[in-house]
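Peer 1: Chain V: place on chain W using the hints.
Order-wise, the sequence lines are chains W and V.
First residue of the first sequence? That's 1 in our numbering, and the numbers climb one at a time after it.
First residue of the second sequence? That's 1 in our numbering, and the numbers climb one at a time after it.
Hints in this document: simulated from the structure, not taken from any laboratory.
In this text the structure is predicted, and so the values were computed from the model without any measurement.
Some hints could be false.
[Claimed, not checked] Heads up, simulated DSS-like pairs for lysine-lysine below, C-alpha to C-alpha not over 30 Å straight-line:
{"no.": "1", "chain 1": "V", "residue 1": "313", "chain 2": "W", "residue 2": "43"}
{"no.": "2", "chain 1": "V", "residue 1": "430", "chain 2": "V", "residue 2": "369"}
{"no.": "3", "chain 1": "V", "residue 1": "400", "chain 2": "W", "residue 2": "89"}
{"no.": "4", "chain 1": "V", "residue 1": "313", "chain 2": "V", "residue 2": "124"}
{"no.": "5", "chain 1": "W", "residue 1": "89", "chain 2": "V", "residue 2": "236"}
{"no.": "6", "chain 1": "V", "residue 1": "112", "chain 2": "V", "residue 2": "371"}
{"no.": "7", "chain 1": "V", "residue 1": "313", "chain 2": "V", "residue 2": "400"}
{"no.": "8", "chain 1": "V", "residue 1": "124", "chain 2": "V", "residue 2": "112"}
{"no.": "9", "chain 1": "V", "residue 1": "112", "chain 2": "V", "residue 2": "313"}
{"no.": "10", "chain 1": "V", "residue 1": "40", "chain 2": "V", "residue 2": "465"}
{"no.": "11", "chain 1": "W", "residue 1": "89", "chain 2": "V", "residue 2": "112"}
{"no.": "12", "chain 1": "V", "residue 1": "400", "chain 2": "V", "residue 2": "465"}
{"no.": "13", "chain 1": "V", "residue 1": "465", "chain 2": "V", "residue 2": "236"}
{"no.": "14", "chain 1": "V", "residue 1": "430", "chain 2": "V", "residue 2": "272"}
{"no.": "15", "chain 1": "W", "residue 1": "43", "chain 2": "V", "residue 2": "369"}
[Unchecked claim] FRET-style restraints, in silico, Cβ to Cβ:
{"no.": "16", "chain 1": "V", "residue 1": "460", "chain 2": "W", "residue 2": "34", "range": "29 to 37 Å"}
{"no.": "17", "chain 1": "W", "residue 1": "23", "chain 2": "V", "residue 2": "465", "range": "43 to 51 Å"}
{"no.": "18", "chain 1": "W", "residue 1": "73", "chain 2": "V", "residue 2": "202", "range": "17 to 25 Å"}
{"no.": "19", "chain 1": "W", "residue 1": "19", "chain 2": "V", "residue 2": "501", "range": "19 to 27 Å"}
{"no.": "20", "chain 1": "V", "residue 1": "465", "chain 2": "W", "residue 2": "84", "range": "50 to 58 Å"}
{"no.": "21", "chain 1": "V", "residue 1": "213", "chain 2": "W", "residue 2": "73", "range": "30 to 38 Å"}
All residues carry an ideal CB built from backbone N, CA and C; glycine is no exception.
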Amino acid sequence: MSQTHSNPELEALAASRWRVAAALTACTLVSYFGFILLVAFNKPLMGQQLVPGLSVGILLGALVILAAWGFTGIYVVWANNRYDRALEKLRR
Amino acid sequence: MNPQQAATSIGQPNTTAIVFFLAFVGLTLGITYWAARRTKTTSEFFTAGGGVSALQNGFALAGDFMSAASFLGIAGLVALSGFDGLIYSVGWLVGWPVVTFLIAEPLRNLGKYTFADVVAYRLKQTPVRLAAAVGTLTVVSFYLIAQMVGAGNLIRMMFGLSYEAAVLIVGGVMILYVLFGGMIATTWVQIVKAVLLLAGASALALMVLARFSFNPLALFREAVTQYGPEVLAPGKLVSSPLEAVSLGLALMFGTAGLPHILMRFYTVPNAKAARGSVFYATGLIGYFYLVTFILGFGASVLLGRSTITGVDKGGNMAAPLLAEAVGGTPFLGFISAVAFATILAVVAGLTLSGAAALSHDLWTHVVRKGKAPEHEQLRVARLASFGLGILAIILGILFKGQNVAFMVGLAFAIAASANFPALLLSMAWKGFTTRGAVASMLTGALSAVLFIFLSPTVQVEMLGKAEALFPLKNPGLVTMPLAFLVGWVVSLLTPEPEAASRFPEVRHRMHVGAEADTPQPSPTPESASAEPALPSR
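Just chain W, same shape as in the assembly (with noise of 0.2 Å):
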């Protein structure tokens, strides 16, 4: 194992993990700190009903609980295909 210790495939399969990881994070933190700032600065925005019943603030609330997961599936597909598939093949 000590050859794939000073692997740089590995430092660098460790690079792109930090990224795409960094990179999701970001996305969850701009969708959820989108959302509070229009709502401490924009409620006449968020309180427009698109349809009867169904307010801009509702909307967006919900799709960011949405993107949340949505991101997390992204994350987890990547994670099982390139990332795993790379890590298998450093294994060996």
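Peer 2: Frame of chain W, contents of chain V only:
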């Protein structure tokens, strides 16, 4: 149906509630008996031997997180203020993606029972574990107090039991789960509870939506007819943007620092299962919050706000009242029993994680320097669980009648400030040192507690002073960056070549996992692999 239905059997002993509750306790104690026979080692006690599947752990994580406070509290908030409740739900959910991306896999690969395993991996054991235990036990204590006091109040309201009896029952049954069944029992209690809670909330939502031809928008329109269009718009919850951002930060990164959540990642066999389990958990919790939103609107439309506040000013009884209105007394009984079960399960998870800090971090590594024999570790773990259980009961009774709702927010702020920065830095930054870690964890924990004490919540609302020294109710915005900064600066000032030289080993194990063990430190030069947001050397 009559929207102003006033008669309710809430607070009177309800046969169905008692039957369902006894059935739940009977079932879970049965599970505990079965689990106790499989709990012979410390690893089985703390991590169920690592044999929990991703889906099971997903349900258990969701169970740990969906507390009675979020079920009853958010439904109540939505019922009384409409849209504002959704702001809360969103905040409670967004920590989960962060856990998935940054924490779950490295934690699984690097640690054994507690998050301190990861921080201490290449640093000096004793100081790091002492500081980590301070963070863990502070978070667990505040969280436990909030849950125990909540349990006492809720059960008094729902079952008509005395506050003290309710606290004693919750504490007593929880001790049985943890003491005898360890993590195996606690995991299954969480799974059973999560399934019941999701099923109960879904059934209730369906019964509500059935009256609106299964169209949530029709329900929202009816709410507008009754309460005006403001019900779909932001109200007074977010009055200060700074306050909202501070709470948001604490919720988002606090989830990634909660000891009882972090501990769950050790119960799965590998990193792949760890990431899968957070994906399931995030979906379940997100679904649950969306359902809760429907329940809140259902309660305000079908019962009327005055009926809800008539029973409990905070609106906490909105969901149970709604259950009674659409499903009759038996359904009320079922929902009440589920709420009770929910508290029990959350308290058990918290106690187990506190016990891990006491026995694994403090006893095994600090007192016995890692040389405690297996049977002694297990005995200390059980003693610690029992002691914490008793402490939870005492704290629950001591804090009777106190406003402790802020304590959950505080627990998240401490977790985000004391635990999360040190955990992330130890995994991502080669230059992190023992003194940096200790300084970061202690600064995070102490500054969060101090600023909460100086905040309007304690100074104005509890002590009745005219103004508070610290302007924010939640200190996350200040204390989390402070903990990062202190960890960074102190590490730069106290270089630790030995810790840095072991970083390749950490990175290797963090990715490849423990199965490819026997790593040897190698002097290879590093490429900067840290997250861009962090200092990379």
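Peer 1: Now, for every hint given, state plainly whether the structure supports it.
Peer 2: Against the structure, the hints come out as follows:
1. V:313 / W:43: With Cα atoms ~26 Å apart, residue 313 of chain V and residue 43 of chain W stay inside 30 Å; holds.
2. V:430 / V:369: Judged against 30 Å, a Cα distance of about 25 Å means the pair holds.
3. V:400 / W:89: violated, 58 Å
4. V:313 / V:124: Violated: residue 313 of chain V and residue 124 of chain V sit about 51 Å apart, past 30 Å.
5. W:89 / V:236: violated, 55 Å
6. V:112 / V:371: holds, 16 Å
7. V:313 / V:400: Distance ~17 Å between residue 313 of chain V and residue 400 of chain V Cα, so the pair holds.
8. V:124 / V:112: holds, 17 Å
9. V:112 / V:313: Distance ~45 Å between residue 112 of chain V and residue 313 of chain V Cα, so the pair is violated.
10. V:40 / V:465: Given pair residue 40 of chain V, residue 465 of chain V is violated - Cα atoms ~54 Å apart, limit 30 Å.
11. W:89 / V:112: holds, 26 Å
12. V:400 / V:465: Within the cut-off at roughly 22 Å; holds.
13. V:465 / V:236: holds, 23 Å
14. V:430 / V:272: holds, 25 Å
15. W:43 / V:369: violated, 57 Å
16. V:460 / W:34: 29 to 37 Å: holds, 31 Å
17. W:23 / V:465: 43 to 51 Å: holds, 45 Å
18. W:73 / V:202: 17 to 25 Å: holds, 21 Å
19. W:19 / V:501: 19 to 27 Å: Check passed, 25 Å falls within 19 to 27 Å.
20. V:465 / W:84: 50 to 58 Å: About 56 Å separates the Cβ atoms of residue 465 of chain V and residue 84 of chain W, which means 50 to 58 Å holds.
21. V:213 / W:73: 30 to 38 Å: Hint holds: Cβ distance 31 Å, inside 30 to 38 Å.
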